[in-house]
Every structure is written in C-alpha cells, then in structure tokens.
Amino acid sequence: MMDCENVSVLFGKIFDGEADEADHKVLEDHLTVCSACNEDYNWYKLTMQALNNLQPVSPPSDFLEQLNSRIHPKSKFASIKSFIKNFLDSVPQIPVPVGAVSLALIVVVAFMAYNNTPVDTSLAIAPIAGARSIASAVDGGAHINRVSQSQGQAAPPPVASAPRLPMLAANQAANTVSSAPVWRFPTIADEIGGDNLTVESPRVDLAIESLRNVLPNLEGKIVDEKTRNSFGEVMVGVVIPSNKYADLASALVNHGSVEAGTLQIEGKALIPSRTDSNQLRLYIRFTRSSQ
Amino acid sequence: MDISPETILSFFCLTLASLAMIPSSKSGGDDDDELVGRCARGDQEAFNQLVIKYQKKVFNVAYRFVGDQEEANDLAQEIFTAAYQNLNKFRGDSKFSTWLFQIATNRGKNRFKYLKRRGFFVNRSSQNQDEDGEGYQKVVPDLTTNPENILSSRQIQKVVQDAIEELEPDHKEIVILRDIEGFSYEEIARMLDLPEGTTKSRLHRARMVIKEKLKKVLS
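Going down the list, the protein sequences come from chains Z and B.
Under my numbering, the letters of the first sequence match residues 1 to 291, in that order.
Under my numbering, the letters of the second sequence match residues 1 to 219, in that order.
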C-alpha cells in the first residue's frame, strides 16, 4: 500500500486531471483505510474549490483612461487649457467673457502678490565681517543702492527729502529693503542682471561723466553700456580691481556724480557678484531722480 | 504494394488536419497578432483593444499579489505601461498573453516584496481587524451542510486571499496563474522560465500550505 506522503501527491494529479485509472484506484484504496488522509483529501478538495471560486475583482471603469493619461501625460499647456475650460464650464451661469475676465483678474492679482513678497536681503548680499546690508548712497538728490542679485530686483529708490548717507552697515539698510517691497516694472538692471549700484541723479550724463573720470584712478574701465531713453536710465558695466570697490563709491561722490557730505562705506562689506580672479565686474544703474 | 482507397482517404484527412494545425500552433491560437502588429506600428487604438481584452485578468493577477484595490490598480497600470514601452522587444515567439502575464508576474512579485518590506500587509491586517471588528475565529463553517455558501462567503474569500498573500512569492505566482487564472502548466513554465516538473512541485507545496491555513482557521 502506498504511504501517506505519496498519496498526497496524487491529490494534485487528480485535481489537475492528470491521474489515470490506476492512480484513482490507489487513492480510493488508501482513503478507505486511512482516516487522516481521508480528512486531508477533503480539506484539499475544499482548498481547490475555494481557490477556483475566488470572486474576480474588477478594475475601475476608467482604467483605460487612467492608463492612457499615464502613458501619454498631458503637456503643461494642455493642463492649463483644460483647467480654464473646466473653470468656465463649472460656472455655467456666468457668461464666458465674465468668467474669462475674472480668471485674468485672478492671475494679475496673484502675479502682483507674488512680486510683493518681501526680499530676503541676506540672499542679495553675501556678507563679510558680519555686514548684511544694502549699499545705498544718497546725497543731494543722488543715491547709490545695492541692487538685489538673486531676486533680480532693484531696491526701490528711497524718497529722501534730506540728504541721507548710504550705510553699508547691516541693520539700517536691511530695514530699508524689507520695509518697502513695491511692485515695479522690470528695469534695465533686471534685463542685464546688474546687481550692484544704483546712482540716482538729476543729471545722469554728468554722473556718467564723473564715473569715466573716476575709473582710470581706480584702474577700472567701462565694459558695457546700455540706455533706455523712455525711463532715462543708463546701465554701465564696470570692471575694477576687487579691492577698489569701496573706493569707487567714494570716488563717485568726490568727483561730483554724488555730492556727498560724508560717505561711510565699510570697505570690504560686499562680496562682488561676479569676479574674474581679482577683478570685479559690477553694474551701475544711473537713473534720473525726480528732483 | 496494395494501397486501398480508405488508406488514401485517411492519409488525405490526416494531412489536411495537420495543415490546419500548423498556423494555430505557430501563433498558439492567438488572435492578438494583428493587434500587436498594429500596436507596434504606433496604432494607439490597437493597444487600447488589447488593454480592454486583458485588463480584467491582469487586474485580478495584480490584486491577488497585493490584496488591495488601489495598489492593484496602480500595479495593473504599471504592467500595461511596461508592456506598452517594451512592445518592440516582443519577438512573437510566444503568445502575446504569455508575454503580458510574464510581465505581470514579475511586476507583481516585485511589488509584493516592496510592500512587504514597508510593512504594508501587517498594517493592513491590523487595520482590517479594527474596521471589521471580527477575526477569523468567528467563521465556523459547517462543511457538511452548505459548502457552496461557505465558499462564496466574504470571510472565506478573505481567508483564502490572506493565505495566498502569506505564500512565498515563488509559490504565490504559480497558484495565481494556475488555480486562479487557469493557465496551463506549459504556459506557466514558459512565463516563469521554469521546468514543468518544478512548476508542478511548487504548486503542490503551495496548495498544501493554503490547505493547512484554511484547516487551521476554519476547523
């Protein structure tokens, strides 16, 4: 007689339809005399029935759509289009032009809100010796501002009725920036990526002339110059030795582009945004003051 | 040599039958060839038809691997995506369905291992017990009276699904393909690249494990 272990192998053959008559006979004979195998066989039968009777699960009705959007993801433009369409469709009681105007308004407001986000000046200027500041020189209607590099955004010109000295020291200047985040149209500085100084003067031409006079003494030179007449702005790219940065602002004052009384600059407070070995490239934005 | 008309007729019939068998054995009786060919030429509609044809079966295989609708849906999508992206690698020396379910079992096994590593099944099991407020011990079937009802009951279905989940991945895939989806041993051996003997012995062991689990829970 076959032993129990080998009999259990026959279970599979029986249920797979691979058992022949002899197998059936062996199994039947064994089960009549072995109650343990008989019980086992009943459980095996139940197991097979349970496996074969597992209820099928259905995929979601939009399975194909989900798959197609996974294989062919919509472009960003298509998503925006579909958002606008859904937005307009979701408010059928509003006429389409009104919906479109509302949407445009939302976009404009969001854009303005985005641009009004206060600027972190610590990103604009990398400090040395603890100085964290915006360079701003004002005197007699002219002032020099440090322009944000990372934000590509010039600091707003201070409205100063009295001459005010630009301090490279941290606190004062930091307050100046964070207190007046005003949205404005992009300037030349933004376009060029200028990020260093803004000179505001009633006579832009004289200020630039002063710069030309100053530069030879500082071993510097003008490397770029762009104008935008409608705004009266001139952007001048300058290359000077890195250690002459502080001297430049002083020299601008001394040569008349900025009529400073006393100019305080912490000589090495600023790290140049672009350096070429020991050469510093900076952009000076000359803009006409309202005075 | 004397050849009777019956012999000639028998030979003729046999030849015809053989000729009729050749194309079906070459394609494996698979009518997907045309769709696959169109699909390989970039026909999206042909691919959609293949998806519609196999989505239920693929979804079921996926579900049996992971035991969760959401995960199964994601897995099934992954399987079809992989098939779509690798269609150029399908050489046509097996049926498309065999190739597709080969991908399905590979991906299913990988997903199961991934979820197991992350404790997905442990968390789900305890969560289910909390939600149902009932354990297996409440299921006390009377096997002598109404086996049909018992087998279709939700509890038994769950016991079987859990027993499948607890199998080793190498055993699980064979049970799913053979006992749930009904593939032949030959197809399974081709899908899993295993000898038929190994396939059968693994299946036997897997069935015995499930049987013991059912016995333990339902006795």
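Hints were generated in silico from the structure; no laboratory data involved.
Fair warning: there could be bad hints in the mix.
Cβ-Cβ distance ranges computed for the label pairs, FRET-style [to be verified]: (1) Z:Tyr-114 to B:Gln-157: 46 to 56 Å; (2) Z:Arg-70 to B:Thr-198: 17 to 27 Å; (3) Z:Glu-28 to B:Asp-31: 53 to 63 Å; (4) B:Arg-118 to Z:Arg-70: 17 to 27 Å; (5) Z:Val-101 to B:Asn-86: 27 to 37 Å.
Ideal Cβ placement from N, Cα and C applies to all residues, glycine included.
Hint check results:
no. : hint                               : result
1   : Z:Tyr-114 to B:Gln-157: 46 to 56 Å : holds (54 Å)
2   : Z:Arg-70 to B:Thr-198: 17 to 27 Å  : violated (35 Å)
3   : Z:Glu-28 to B:Asp-31: 53 to 63 Å   : violated (42 Å)
4   : B:Arg-118 to Z:Arg-70: 17 to 27 Å  : holds (22 Å)
5   : Z:Val-101 to B:Asn-86: 27 to 37 Å  : violated (49 Å)
In this structure, the hints that do not hold are numbers 2, 3, 5, in rising order.
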